[in-house]
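In our numbering, the protein residues as written are 1 to 290.
Read the hints as simulated data drawn from the structure, not as lab findings. Among the hints, erroneous ones may be present.
As a list, the in silico BS3-like pairs of lysine-lysine whose alpha-carbon atoms are at most 25 Å apart [what the hints assert, rightly or not]: (1) K173 <-> K150; (2) K43 <-> K278; (3) K150 <-> K194; (4) K173 <-> K43.
All values derive from a computational prediction rather than experimental measurement.
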Amino acid sequence: MSAGSERVFTCPDGRALHGTVFDVPRGVERRGTVVIACATAVKATYYHRYAAFLAANGFAAVTFDYRGIGESRGGALRGQRIRWYQWGSQDIDTVLAWAMEHSGGLPVNFVGHSFGGFGVGMAEHAAGLSRILTVGAQHAYWRDLTLRRKAGHWGRAAVMLPLVAVMGYFPAKRLRLMEDLPAGVALDWARSRKDFTTAAAGSLCDSLRAHQAAVRAPILALAPNDDEYATIPAMNRALSYTPNSPSRVIHLLPADYGESSLGHFALFHSRYQDTFWKQTLDWLGRRIDP
1 MSAGSERVFT CPDGRALHGT VFDVPRGVER RGTVVIACAT AVKATYYHRY AAFLAANGFA
61 AVTFDYRGIG ESRGGALRGQ RIRWYQWGSQ DIDTVLAWAM EHSGGLPVNF VGHSFGGFGV
121 GMAEHAAGLS RILTVGAQHA YWRDLTLRRK AGHWGRAAVM LPLVAVMGYF PAKRLRLMED
181 LPAGVALDWA RSRKDFTTAA AGSLCDSLRA HQAAVRAPIL ALAPNDDEYA TIPAMNRALS
241 YTPNSPSRVI HLLPADYGES SLGHFALFHS RYQDTFWKQT LDWLGRRIDP
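Model the full structure from these sequences, guided by the hints.
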């Protein structure tokens, strides 16, 4: 499978996002493009094997790190003013715009994991997508979490808030909790609102809502039934922001994938290439549900 080629995407505000483009190999008919958006605090490299799989099967794939994360960190995080919604309204939007410009007239689809699956609705160019597939998509509103995860959420928030105040960012790597987070993103996560868009003020809030209302692509929302973040209420809340898109929610059974548990992160591991990955390919290409 292709290793992909590095590319820099420049946002309208001048911020540089580092990403990778996986082209369809010679001899394989190109069927379209898929933009892949990460979960919070996860680097794009985690999705590279899946992106290469899509490319090998006819879909050019694009991955990227959000501003403040991984290769798009942009130096010291202290002092960087980054909000969670910017990952959708600016970062995802910029990569979608590039993908549509280079699509060759073929469909541009989207796969989003966790926040990535929710954040796409805030992107203006999401109105031009053909299909949207989300995996564990939600925005961490605490009332939607499982009982155990609610306790974990508030426990982590109790650690996160004072650390952010002292250090100017959340040092997740030091705590062995994935990637460091910009202060604004960490605080937005810890205090995620019932209505996510109200984290933005005034006309910006209105703009986010307008972008969400403009999305028309069918959405398939998937998550393992033991994903403590992507409960049915959490997934339904995420879908409620894009009311003009036909949508379907499916909770997957770990036993169907030969597992006793899957959780929030497992499905992008290459051991699911012949099962879950194949199912996503069938839906992106022919809209066949798992």
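Checked hints:
1. K173 <-> K150: Holds, because 22 Å separates the two Cα atoms, which is no more than 25 Å.
2. K43 <-> K278: holds (23 Å)
3. K150 <-> K194: holds (14 Å)
4. K173 <-> K43: holds (12 Å)
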